[in-house]
Amino acid sequence: MKILLFGGTGRCGRVLGEWLSEAGHELLAPAHGDCDLRDAAAVSRLVLGCGAEAVVNAAAISGPETCLDDPLTAHGVNAMAPAAMALACRHTGARLIHLSTDYVLDGRRAGLKDESAKCRPINVYGESKREGELEVLEALPEALVVRVSWICGNPQKPSFVESTLAKALAAQPLAAIADKFSLPTDARDIAAALAALLQEPEGDRTAGVVQLCSGGEPMSWHGCASAALRCAVELGALPSMPELREQRLDEASFFRDARPRHTAMSNARLAARLSRLPGAPVLPEAQLCLRRVTERYLRAVGAL
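When we follow this note's numbering, the leftmost residue of the sequence shown carries the number 1, and every step to the right adds one.
Please keep in mind that the hints were generated in silico from the structure rather than gathered at the bench. None of the values given here were measured: they were computed from a predicted structure. Each hint should be verified, as a subset may be incorrect.
Below are the EDC-like pairs computed for lysine to aspartate or glutamate, each with C-alpha atoms no more than 16 Å apart in a straight line [stated by the list, open to error]:
no.	residue 1	residue 2
1	Lys167	Glu243
2	Lys118	Glu131
3	Lys157	Glu18
Simulated restraints, written as ranges between beta carbons of each label pair [said to hold, decoys possible]:
no.	residue 1	residue 2	range
4	Leu304	Ser275	29 to 39 Å
5	Met1	Glu234	24 to 34 Å
6	Asp179	Glu18	27 to 37 Å
Idealized CB from N, CA, C, for every residue including glycine.
Please model the complete structure; the sequences and the hints are all you need to start from.
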């Protein structure tokens with residue numbers, strides 16, 4: 001299959017691109033210089049002219065402060081570029097999978113949220129991503145919008161999990177926010193799930209919104225970091241469990257835009273769909289996800 005992948009250098013996109021290439025797909029992964037996502041017309045021309053059977057959009061401006069400082073660019077990349085992709089795919093007949101985020105949720109209530117939960121983003125990043133969801137599904141109702149959260153598992157693009165492990169290995173002071181909750185997602189699990197979904201037969205394709213994350217109960221950043229550190233101790237990379245100070249979200253002065261507190265998502269809809277696809281992965285529980293991510297990172301840096 002010929003697949004056009006936007007965002008192929010990102011934390012998720014890089015892993016996805018490698019996964020799809022290894023599976024034998026013909027992959028087109030334009031760099032920023034090849035297609036500026038701020039230019040919706042250029043995006044449209046590329047989709048219309050490349051002959052791709054599927055388009056996967058893993059590109060985004062995902063830093064909340066970056067979006068706060070330049071909302072017009074955030075709007076262009078996170079909303080208007082996906083809209084252009086969807087309109088072009090409507091003309092070419094290509095399958096479109098667009099990655100979104102748990103930050104489209106308002107995060108006011110604790111607990112797992114399913115796809116019917118209210119979307120009321122509280123920062124510029126979430127607003128632009130929610131607009132992208134709406135634009136994509138309005139232009140192409142058969143498109144698939146995949147919400148992900150707390151992507152980790154790519155040692156080349158460290159997440160807060162890998163960053164915590166790096167600090168622990170260097171014996172640096174550790175702290176993590178304990179009152180913000182979601183669920184981690186291994187980039188490799190995202191890649192495996194999307195690869196399976198791309199093989200769905202025409203006429204029986206998953207459409208609308210699905211949520212792709214690990215299973216289990218909501219975890220805080222502090223909980224995720226603690227689980228990763230415990231794994232590092234069990235694997236012998238650390239001599240003992242280091243101190244991990246709890247922080248409050250309100251104390252994080254380095255965050256200049258709001259963060260939703262409770263955005264943990266249920267993956268039940270997607271898990272049920274994957275269970276019916278031959279060779280599709282089983283989405284792991286969060287603790288297993290973090291163990292795999294921890295071991296992968298420690299091996300990558302030579303700590304095991």
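> Are the Cα positions of Lys157 and Glu18 separated by 16 Å at most?
Replying inline: Holds - the C-alpha atoms of Glu18 and Lys157 are around 14 Å apart, at most 16 Å.
> Is the gap between the beta carbons of Asp179 and Glu18 within 27 to 37 Å?
Replying inline: holds (36 Å)
> CB of Met1 to CB of Glu234, is that within 24 to 34 Å?
Replying inline: Violated, at about 40 Å.
> Do Leu304 and Ser275 keep their Cβ atoms within the hinted range of 29 to 39 Å?
Replying inline: holds (33 Å)
>> Check the hint pairing Lys167 with Glu243 against an upper bound of 16 Å on the C-alpha distance.
In response: holds (12 Å)
>> Hinted pair, alpha-carbon criterion (16 Å max): Lys118, Glu131. Please report holds or violated.
In response: holds (14 Å)
In terms of the numbered hints stated before, the structure departs from hint 5 and from no other.
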